[in-house]
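Let the hints inform the model, and build the full structure from the sequences given.
So the protein sequences, as listed, match chains H and V.
For the first sequence, this note's numbering begins at 1 and goes up steadily by one.
For the second sequence, this note's numbering begins at 1 and goes up steadily by one.
These aren't lab readings, by the way, just hints derived from the structure by calculation.
Among the clues, some could well be false.
As the list claims (entries may be wrong) - Using 20 Å as the maximum straight-line C-alpha spacing, the simulated EDC-like pairs for lysine to aspartate or glutamate come out as follows: (1) V:K192 <-> V:E248; (2) V:K2 <-> V:D30; (3) V:K35 <-> V:D20; (4) V:K87 <-> H:E317; (5) V:K87 <-> H:D256; (6) V:K87 <-> H:D277; (7) V:K64 <-> V:E24; (8) V:K269 <-> V:D223; (9) V:K87 <-> V:E32.
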Amino acid sequence: MTDDTKAAPAYLLRGAALYGDERADILVENGRISAVGSLANGNGATVIDAEGLVALPGFVDVHTHLREPGREDAETVETGSRAAALGGYTAVHAMANSTPVADTAGVVEQVHSLGRRAGWVDVRPVGAVTVGLAGEQLAELGAMAGSAARVRMFSDDGICVHDPVLMRRALEYVKAFDGVVAQHAQEPRLTAGAQMNEGAVSAVLGLPGWPAVAEESIIARDVLLAQHVGSRLHVCHVSTAGSVEIVRWAKSRGIDVTAEVTPHHLWLTDELVRSYDPVYKVNPPLRTQEDVEALRAALADGTIDVVGTDHAPHPSEHKECEWAQAAMGMTGLETALSVVQHTMVETGLLTWRGVARAMSEVPARIGRVADQGRPLAQGEPANLVLVDPAARWTVDPAAQATKGRNSPFAGRELPGRVVATFFRGHPTVRDGVLNEPYPGSAEER
Amino acid sequence: MKHLLSTRDLTAAEAIQILDTAEEMAAVNDREVKKLPALRGRTVVNLFFEDSTRTRISFEAAAKRLSADVINFAAKGSSVSKGESLKDTAQTLEAIGADAVVIRHPASGAPHRLATTDWIDAAVVNAGDGTHEHPTQALLDAFTLRRHRAQVAGIDSVGADLAGTRVVIVGDILHSRVARSNVWLLTTLGAKVTLVAPPTLLPYGVEQWPCDVSYDLDAALADAPDAVMMLRVQAERMNASYFPSTAEYSRLWGLGDERFARFAAPEFKDTVILHPGPMVRGLEISSAAADSERSQVLRQVANGVSVRMAVLYLLMSAKEFAS
Numbered sequence: 001m002t003d004d005t006k007a008a009p010a011y012l013l014r015g016a017a018l019y020g021d022e023r024a025d026i027l028v029e030n031g032r033i034s035a036v037g038s039l040a041n042g043n044g045a046t047v048i049d050a051e052g053l054v055a056l057p058g059f060v061d062v063h064t065h066l067r068e069p070g071r072e073d074a075e076t077v078e079t080g081s082r083a084a085a086l087g088g089y090t091a092v093h094a095m096a097n098s099t100p101v102a103d104t105a106g107v108v109e110q111v112h113s114l115g116r117r118a119g120w121v122d123v124r125p126v127g128a129v130t131v132g133l134a135g136e137q138l139a140e141l142g143a144m145a146g147s148a149a150r151v152r153m154f155s156d157d158g159i160c161v162h163d164p165v166l167m168r169r170a171l172e173y174v175k176a177f178d179g180v181v182a183q184h185a186q187e188p189r190l191t192a193g194a195q196m197n198e199g200a201v202s203a204v205l206g207l208p209g210w211p212a213v214a215e216e217s218i219i220a221r222d223v224l225l226a227q228h229v230g231s232r233l234h235v236c237h238v239s240t241a242g243s244v245e246i247v248r249w250a251k252s253r254g255i256d257v258t259a260e261v262t263p264h265h266l267w268l269t270d271e272l273v274r275s276y277d278p279v280y281k282v283n284p285p286l287r288t289q290e291d292v293e294a295l296r297a298a299l300a301d302g303t304i305d306v307v308g309t310d311h312a313p314h315p316s317e318h319k320e321c322e323w324a325q326a327a328m329g330m331t332g333l334e335t336a337l338s339v340v341q342h343t344m345v346e347t348g349l350l351t352w353r354g355v356a357r358a359m360s361e362v363p364a365r366i367g368r369v370a371d372q373g374r375p376l377a378q379g380e381p382a383n384l385v386l387v388d389p390a391a392r393w394t395v396d397p398a399a400q401a402t403k404g405r406n407s408p409f410a411g412r413e414l415p416g417r418v419v420a421t422f423f424r425g426h427p428t429v430r431d432g433v434l435n436e437p438y439p440g441s442a443e444e445r
Numbered sequence: 001m002k003h004l005l006s007t008r009d010l011t012a013a014e015a016i017q018i019l020d021t022a023e024e025m026a027a028v029n030d031r032e033v034k035k036l037p038a039l040r041g042r043t044v045v046n047l048f049f050e051d052s053t054r055t056r057i058s059f060e061a062a063a064k065r066l067s068a069d070v071i072n073f074a075a076k077g078s079s080v081s082k083g084e085s086l087k088d089t090a091q092t093l094e095a096i097g098a099d100a101v102v103i104r105h106p107a108s109g110a111p112h113r114l115a116t117t118d119w120i121d122a123a124v125v126n127a128g129d130g131t132h133e134h135p136t137q138a139l140l141d142a143f144t145l146r147r148h149r150a151q152v153a154g155i156d157s158v159g160a161d162l163a164g165t166r167v168v169i170v171g172d173i174l175h176s177r178v179a180r181s182n183v184w185l186l187t188t189l190g191a192k193v194t195l196v197a198p199p200t201l202l203p204y205g206v207e208q209w210p211c212d213v214s215y216d217l218d219a220a221l222a223d224a225p226d227a228v229m230m231l232r233v234q235a236e237r238m239n240a241s242y243f244p245s246t247a248e249y250s251r252l253w254g255l256g257d258e259r260f261a262r263f264a265a266p267e268f269k270d271t272v273i274l275h276p277g278p279m280v281r282g283l284e285i286s287s288a289a290a291d292s293e294r295s296q297v298l299r300q301v302a303n304g305v306s307v308r309m310a311v312l313y314l315l316m317s318a319k320e321f322a323s
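Below you can see the structure in the form of C-alpha cells.
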C-alpha cells in the first residue's frame, strides 16, 4: 500500500455536498482526488451516488484504545480499525497503555505494522511518556520518534504525568522532534479511589468523587509549564467547565495548547450514574449539564480544538459487575460522528466545516499525520468520508465491529450515518457496511 | 414495590405502611411463641460480602420468625473470594430458588445491580451497600423515634408520621450509609434533620440535601432536639486527615460526659440518644451517655427485628404493598 501510483479502480462521487455546502462531483483515482467539480465520467469510474450526502475529509482520532498487544479479548488492531473505518475514520492514534506498554520502538513498530496489515485506517501509535506508564523515568521518546512508526504524540493516557519535573522534561524533550505531550489531566491524590464526578449525585449515591479541581489544577500547571519551556501540550478529554476557562486563558496568552473533548462528554451527565450501570463509568467521569454546555460552547468557538473518541472497549465481564469493580471506559468510534451531529450540528453550534476541522484537520495537525485532514481539493490524498445527515439509526452494540459492547448510547436513536469511507482512494466502507481493506495490506511484512 | 434498595425511593405512605406492619410484628415478638407461618416454604438468602454479625442475625431472626428457610451466604471464604462474580453468585442463588436476597456489600449500588439486571428474579433487600444506604437501619430508627414520640405524647404510634420531630445526626456523614438513609426517610416522614460533622466528613454538595447542616454540635443541641443520633467514627479517618486527632474529634463532635450533662436540663427531659452500633465508646460517645436511660440502642436492636420482618413480609407476600 505504499505504492499509491499503481492502477486502482477509480470512483466518481456524484453530487456530494462538500463540507455540507456546495454540491460537486469528486473523482478519486490512484489514491488521490483527481478532480472536483461538475464532472463527466470519461474513463469508466465506478459511480457512487452521493446526492444528499455530506463529503468531509476522513476523520482522524487523536485518542483510541486498540488494546493490542495484551488485551486482544477486548479489542485488536484489526477489530478496532474496522470500527474506525465504519465510523468514518481514516486514521487513529493508538494509545500506549497496552501490555507491554508502548514505551519502546519495538512495541510502537509492532502496533504500526499491525495497522498496516489490517489496512482499514492509518494506525498511528502513541508512545508512552514514561517507562511502563509508571511516571518515574522518561521512555525512549527519541527512539519511538525515529522508528518506522514515526511517533509524534506521547501520552501516559489513563494515568497522569503528575510529577511536575517529569512533565516539564517531557515537554522540553519532545521539542527535539516536533512531538506533543498529550496529558491525561488527573491529580492522583485528589482522585484516589474516585468512582464518578464529585457533585450532588455522588453525594447521594455514596460513590467517592472525582472533583473537577483534580483535572483543572493539572491543566493549569501544564499550560504554564508549556509556556515556560516553549513546547506543545495537548490536553486529553477535557471534561469540566473550569478546564475550558483555563484552556481559553492559555490560548489568549499564546500558549501552544490544544484540547480535546469526547463525544460522550458532549452529551451525557452524571445523572446516568444513578442507575449504577457501569456502562456509564468512564475516566474522566461524566460531569454535569453545566459542564456539557460549556464543552459544547468551547468546541464551537475553538477553545476545544478536536473531538477525540477515547474509544475504550472492555470485555463484558468488566462491566457486568458492581460499579466499584467495573472498568472505566466506553466505546466510541462507531458513534462519534452521530453524537457530534446530534450535540453540535443539529443544535446549530457547529457547521459541517467545523466538524471537518474538529474531527479531521486539527487532529491530523496535532498528531503530525501526513496525508490526513487535507482539503477536499484536486491533487489531495483521497481520505474522505460521505455522511448521510438525514439517516436515523438505533445503536446496537452487538452489531458493531468493535469487540466492546460497552456503548453508553446503546438503544438510543442517533442521527447521521457514515455511508462511505475512502482510505487512500480505496473504499473501506460502502453503503454503510465494511468493504475490503486497502488492497495488498495483508501481504505487508 | 418489589425491592427495598433505598429510602429515597419510599413515599411517606409506603414508609408508614412498613412501620405499621412492624408494629404488628413487634406484637409477635412480645409473645412467648415468636413465630408466624407467613413465609413458610419461602427461601431468604442472607448474602453478606461484608462482615456484619449484627445485621445478619437480625435479618436471620426476622426471616425465621416468619417461618422462611434461611440460607446464610458469607461471601468471605466462599467461591466469591476465589474470584466468582456477583453475576454468577446471583445466578447461582436464582438456580437454588431464592425468593429474597438480603445483600450487604462494600460496593455502593451492588443491590441495585441485582435488582435491575436479569441475573436474578428474587426480591432484593439492601442490608447496607458501601457508603450509599442502609434502609432497614433508617426504618428501625424511624420506628424507634415514632414509638418514643407516641409514648411521650400518650398516643398510638400506628399510622403516625414524624412531623415536627427534630433529629440531630452527628458524625462521619460522608462515609455513612445510615446517615443517608435517615436523611431521606426521616424528612419524608416530616422530621427536621440537622447534620453535624466536621466539614471534612460532610459530602460535597450536602447543602442540597433536605436538612440543615452545622459544624457546631453545641449550637445544634441548643434548642433541645427530640433525638440525637451518634454515628460511629473510625479512628483510621485521622490518618487520612479528616480530623487531626481522636481527642480533638471527641472534644468537638463527641457526646462526652460534659455535653451529656446538658441532658439533665428540663428542656432535654424527652431527648433520646440513638446509635446504629457498633459504638466506639470514648470517641463519639461516652459510656455514661451510652449506658444512660436516654439511650435507645438496645431498643433499636429489638425494633430492627420487627422492621425487617415487616420488610420481608411486605416484599415477599403482601399483594397490596405500595399500591
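Against the structure, the hints come out as follows:
Proximity of K192 (chain V) to E248 (chain V) is assessed by CA-CA distance (about 28 Å); at most 20 Å being required, the pair is judged violated. At most 20 Å may separate the alpha-carbon atoms for a hinted pair to count; K2 (chain V) and D30 (chain V) exceed this at roughly 28 Å. Between K35 (chain V) and D20 (chain V) the CA atoms are separated by roughly 18 Å; this keeps the pair inside 20 Å, and the hint holds. Between K87 (chain V) and E317 (chain H) the alpha-carbon distance is near 9 Å, which keeps this suggested pair within the 20 Å criterion.
Pair hint K87 (chain V) plus D256 (chain H) does not hold up; C-alpha atoms about 48 Å apart against a cutoff of 20 Å. For a cut-off of 20 Å, the pair hint linking K87 (chain V) to D277 (chain H) stands: about 13 Å separates their Cα positions. Between K64 (chain V) and E24 (chain V) the alpha-carbon distance is near 16 Å, which keeps this suggested pair within the 20 Å criterion. Among the hinted pairs, K269 (chain V) with D223 (chain V) is consistent with the structure: their alpha-carbon atoms are about 12 Å apart, no more than 20 Å.
Between the alpha carbons of K87 (chain V) and E32 (chain V) the distance comes to roughly 41 Å, so the proposed pair goes past 20 Å and is violated.
When the structure is compared with the earlier hints, violations turn up for hints 1, 2, 5 and 9 and for no others.
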